[in-house]
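So the sequence lines, in the order shown, correspond to chains Y, X and E. First residue of the first sequence? That's 1 in the working numbering, and the numbers climb one at a time after it. First residue of the second sequence? That's 1001 in the working numbering, and the numbers climb one at a time after it. First residue of the third sequence? That's 2001 in the working numbering, and the numbers climb one at a time after it.
Keep in mind the hints are simulated off the structure, nothing from the lab. For glycine and all other residues, C-beta sits at the position ideal for the given N, C-alpha and C. Don't take every hint at face value.
Quick list of in silico lysine to any residue cross-link-like pairs, SDA-like style, CA-CA up to 20 Å [claimed, not checked]:
no., chain 1, residue 1, chain 2, residue 2
1, Y, 7, X, 1163
2, Y, 74, Y, 107
3, E, 2080, Y, 244
4, E, 2102, Y, 246
5, E, 2120, Y, 57
6, E, 2029, E, 2129
7, X, 1250, X, 1227
8, Y, 149, E, 2120
9, Y, 149, E, 2191
10, E, 2055, Y, 147
Computed spacing ranges between beta-carbons, pair by pair [said to hold, decoys possible]:
no., chain 1, residue 1, chain 2, residue 2, range
11, X, 1148, Y, 122, 38 to 46 Å
12, Y, 67, X, 1223, 58 to 66 Å
13, X, 1223, E, 2329, 53 to 61 Å
14, Y, 156, X, 1159, 37 to 45 Å
15, X, 1249, E, 2268, 41 to 49 Å
16, E, 2119, Y, 78, 53 to 61 Å
17, Y, 104, X, 1092, 33 to 41 Å
18, X, 1249, Y, 104, 56 to 64 Å
Derived list of chain E stretches under chain Y, where covered just means 3 residues or more per stretch with a C-beta under 8 Å from a C-beta of chain Y [said to hold, decoys possible]:
no., region
19, 2076-2085
20, 2092-2098
21, 2105-2117
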Amino acid sequence: MFAYVVKRLIAGIVVVFMVSMAVFLLFWYGPNEPARPLCDQQTSNHCDTARLARYTENLGYNNPVLSEYGTFVKGIFVGRDMTIGTKTRPCPAPCFGYSYRTTVPVWGEMKTRLPATFSVAIGGASLYLLFGIPIGVAAARRRGTVADKALVSSFLVLSSIPYYLFALLTWLYLTVIFEIPFLSDTGYHPFTDNPAKWFSGLLLAWIVLGIFGCTQYTRYSRGAMIEALSEDYIRTAKAKGLPARTVVYKHGLRAALVPIVTIFGIDFGVLLAGTIFTERIFDIQGIGFWSLQAVTAKDLPVVEATALFSAVVLVVANLLVDVIYSVLDPRVRLS
Amino acid sequence: MSAQTAGPETLGHLSEEPPPVDPNSKQAKTITGKSPLRIAFGRLARDKIAVVCAAVVLFFVLVAVFAGAICSIFNVDTETVLATTRVDFLNNGLPLKGPPNHGFDPAHPFGVAPNTGNDNLAFWVYGCRTSLMIASIATLFASVLGVSLGLLAGFLGGPVDKIISFFTDFFLTVPFLLAALTIAPIVSQRFATSPHYARIQLIDLIVVLSVFGWMGIARLIRGEVLSLREREFIQAARVLGMPTRRILVKELLPNLVAPIVVSISLMLPAFVAAEAGLAFLGIGVTSGISWGQTINTASNFFEVYPLFLWEPLIGIVALVLALNLLGDAIRDALDPKTRR
Amino acid sequence: MEDLTVRFPTEDGFITAVHGLSYTVELGKTLGIVGESGSGKSVSSMAVLGLHDNKTARITGSIRVGGTEVVGLSENRMRKLRGNQVAMIFQDALAALHPFYKIGGQLAEAYLVHHPSASKRDARRKAIEMLDRVGIPQPDRRVDDFPHQFSGGMRQRAMIAMGLINDPSLLIADEPTTALDVTVPAQILDLLQDLQREFNSAVIIITHDLGVIAEMADDVLVMYAGRAVEYGLGKELLTHPEMPYTWGLLSSVPDVTASTDSRLIPIPGNPPSLLSLPAGCSFHPRCVHSDKVPGDLCATTMPELSPGTRGPSHLKRCHLANADAVYQAEVLPEIAPDLVEETL
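Just chain Y, with the same shape it has in the complex (with noise of 0.2 Å):
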């Protein structure tokens, strides 16, 4: 068991290195004029040569790459001194660069817009459990029935809308038209700031996000919980005199949650990895929302360090999927 986390963790440690490199390489290769940006920003568009190679200069990009990703790296790890314009500023660890457009650190507003971005991912992806498993088991032990057929054909249809589309709808009808009163002061206020607006601003986030996702959940409890169902074991477990709950939930249940479980884990990943869609349609200040804004503004630093952001929590939320495979199926976990 213990080798088998340590080899799992080599390998995410692998893949977070290798997608650090990528990331690095693509921003130092991509952009013929990676400075640009940034001094159009510091000069009010008044960037002319001279100020371009300076800027560029102060950037590293005139020194070789592999020492600047060195650089780089050392930076997330223990922080270094950044020269932006003419001023030298501190980028304390993790240093991520400063973000073009408003010139502070980008981890210090990062950690300003994680909370929104978690916010939004922890009540959707609850929302994809709490309804999704148990409206596919109960599906599942109706199968064949009337009410079986119209629930798994309306999902069906539901799950084949784009995802913005529907959540654009909702939020523009909710919000815009009707303007129904609690939910429609969509955006993100700190929960420890006031309670009841981050809940009343992140509700519909979560209803639509929760609503959709668990469509899927439906379909994939269903399918699992009917194939666990016609396992041997649960004749067995029947056979035994169990109750039928027991028999469903303990016997089926548990070992149809196995694949729900990985397929959530990665679903849970890619959330906190930024709810771009959700976020920009509902408003909300996060990660996603954020590196949006900075595609727009060409912040490079910043998405930059949103991409590498995204690929440790899902290479982190990978990882942990395979840790908790290997708990929830003893067969694993001992070969």
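Dock chains X and E against the given chain Y, drawing on the hints supplied.
Relative to chain Y, chains X and E alone:
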């Protein structure tokens, strides 16, 4: 690193394997003397939903192919010479004629866009073309990439399989939306001033979609090949000394038609949705015509001009829904065990 | 069990999986049920435990276990019977044991559900005791193993332990040895016999292996296409079978001790589909002796289950009048010439 994402934030399934097989299946009656594909086609033709969906898809394909002709029939085009002749800037830039406030305008059957005065019908028709073009080219590239890598991994095995499988898992961990987001500013920084920027954006999109869309099909094919290559007819071909390339193309490929068709049926709607989604976020097509882009603009005018939003929205929903349901029907037809 | 009929709906209409089946097993005795796949062996015994979905399966007739009528019993009372008075052992123990729970837990669960007052520790002790009884070495350690850590034989032993943990009066073993390695079945069968003596339960053993029947069964029931076709005392039925289907089964069993002169004669054709049973005797299309029956009786009339030539303890469902004679004269020399010589 083996599972994959399915949540809404990933824009649906870019790279998906068919869902878990539902054991609650009806037993298909055995019909002898027909190839599996023909049987599947027969089933499909009898499935009413599939036929309707196919008709809808066909409609959109025709619109996309004959976009130019449709525009000239209605005497509209995507160029707007003078916006002020069509919209009233004193009234939030809303159109002077036609919807939302002035009934129907025969010169612009779908109305015109606020502020820009662009003709909605022309933009709708060309948006359809963009959508289907990007989706189908990306599907083509992704399937070719996926099928070849899957074939190689499955057939050659050993270190080749290990490397390909590693990259499959690796790409599966990176949500394509993030990749597109990361690459968009670089492309725009580098090429924004280029006269071919619109074309470069298209290529960029197709590359991103293909590079992050091949994994599902590769895995599926690899698995299929692994089981096929132990079968007698492949063994026989090997014993006879048939060259590897010939075995792959002549013996294996025909047996892989079904999984390939299934993968394609999953990829197309995902790519259509993805293209529009990226354009909606402003990281896809920004200097061309796209439904997603129109939706992004139109959501600001929804209160006063809902039709402007509904037109592209219905276009995407109808196309994606029809493609998805058709794909579902194709999967059912090819493998009756997955029947709900 | 009397006149049990089990019908299932399918897309193409109802199928009758079991048709008018009757049998009795006494405590301490073993009934062997033989037949090909789909002959209704397992379906009839699952009905004893009420394991069929009562929404779809139509069950008529009567099954009494120790005086309790099972057919039409409420789910709740049925549940109290299951695993307590009637227990079942399934074919593939690896699939029949839950892969995610420890062996001991699964045994204890079976005990606890019928002994609500027992503590978890009691149940665990009972589980260890049962594992010891079925011959699992170091039961106090193995009790915390998962099924996949057991060998095939050990898993089947654990299944038996689970079946017997509540000291049932009837134990149904559904092909308990089919999924096992060659040398293991004999051990499992010995174990079953020992335990039966110890617990004095009635045992129904379902199999298609006549060797198992010969070793284990006091009574034998041969089933074909949902019906009992021959029913009698084990030894008598195997030496003087009176139904051509039983002859067919006997002639398809290889016998290592037999001389090379003996032949394996397969039964021609396949079992009929339950959807379209042939008119008359279900077996007649595959029966090579139907020409000895006058007229086309075999093709038109389903024979009744009637006493054979050796008296009412031996029932057969066949139109052949002098079945035993035909068997001795025609079938036996074909399949076991040595045996014929010995008796001569």
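Verification of the supplied hints:
Pair hint residue 7 of chain Y plus residue 1163 of chain X holds up; C-alpha atoms about 17 Å apart against a cutoff of 20 Å. With a CA separation close to 15 Å, the supplied pair residue 74 of chain Y and residue 107 of chain Y stays within the 20 Å bound. A distance of roughly 12 Å separates the Cα atoms of residue 2080 of chain E and residue 244 of chain Y; the hinted pair therefore holds under the 20 Å criterion. As the CA atoms of residue 2102 of chain E and residue 246 of chain Y are separated by approximately 16 Å, the hinted pair is consistent with the 20 Å bound.
Restraint check for residue 2120 of chain E and residue 57 of chain Y: not satisfied, since their Cα atoms lie roughly 73 Å apart, outside the 20 Å limit. Between residue 2029 of chain E and residue 2129 of chain E the CA atoms are separated by roughly 25 Å; this puts the pair beyond 20 Å, and the hint is violated. As the CA atoms of residue 1250 of chain X and residue 1227 of chain X are separated by approximately 17 Å, the hinted pair is consistent with the 20 Å bound. Between residue 149 of chain Y and residue 2120 of chain E the alpha-carbon distance is near 42 Å, which puts this suggested pair outside the 20 Å criterion.
A hinted pair counts as satisfied when its Cα atoms are at most 20 Å apart, and residue 149 of chain Y with residue 2191 of chain E does not qualify at roughly 48 Å. Between residue 2055 of chain E and residue 147 of chain Y the CA atoms are separated by roughly 16 Å; this keeps the pair inside 20 Å, and the hint holds. Judged by the Cβ atoms, the range 38 to 46 Å given for residue 1148 of chain X and residue 122 of chain Y holds: they are separated by roughly 41 Å. At about 44 Å, the CB distance of residue 67 of chain Y to residue 1223 of chain X disagrees with the hint of 58 to 66 Å.
In this structure the supplied range 53 to 61 Å holds for residue 1223 of chain X paired with residue 2329 of chain E, their Cβ-Cβ distance being about 58 Å. In this structure the supplied range 37 to 45 Å holds for residue 156 of chain Y paired with residue 1159 of chain X, their Cβ-Cβ distance being about 41 Å. For the pair residue 1249 of chain X and residue 2268 of chain E, the supplied restraint of 41 to 49 Å holds, since their beta-carbon distance comes to about 44 Å. One distance hint, 53 to 61 Å for the beta-carbon pair residue 2119 of chain E and residue 78 of chain Y, holds here, with the actual separation near 58 Å.
Checked against the hint of 33 to 41 Å, the pair residue 104 of chain Y and residue 1092 of chain X passes, with Cβ atoms roughly 36 Å apart. About 58 Å separates the C-beta atoms of residue 1249 of chain X and residue 104 of chain Y, a value consistent with the hinted range of 56 to 64 Å. Evaluation of the coverage hint for the region 2076-2085 of chain E: fulfilled, as 6 residues show C-beta separations to chain Y shorter than 8 Å, against a requirement of three. Only residues whose beta carbon comes within less than 8 Å of a beta carbon in chain Y count, and the region 2092-2098 of chain E has 5; three or more means the coverage holds.
Check on the region 2105-2117 of chain E: 4 of its residues sit with their Cβ under 8 Å from a Cβ of chain Y, so the three-residue criterion for coverage holds.
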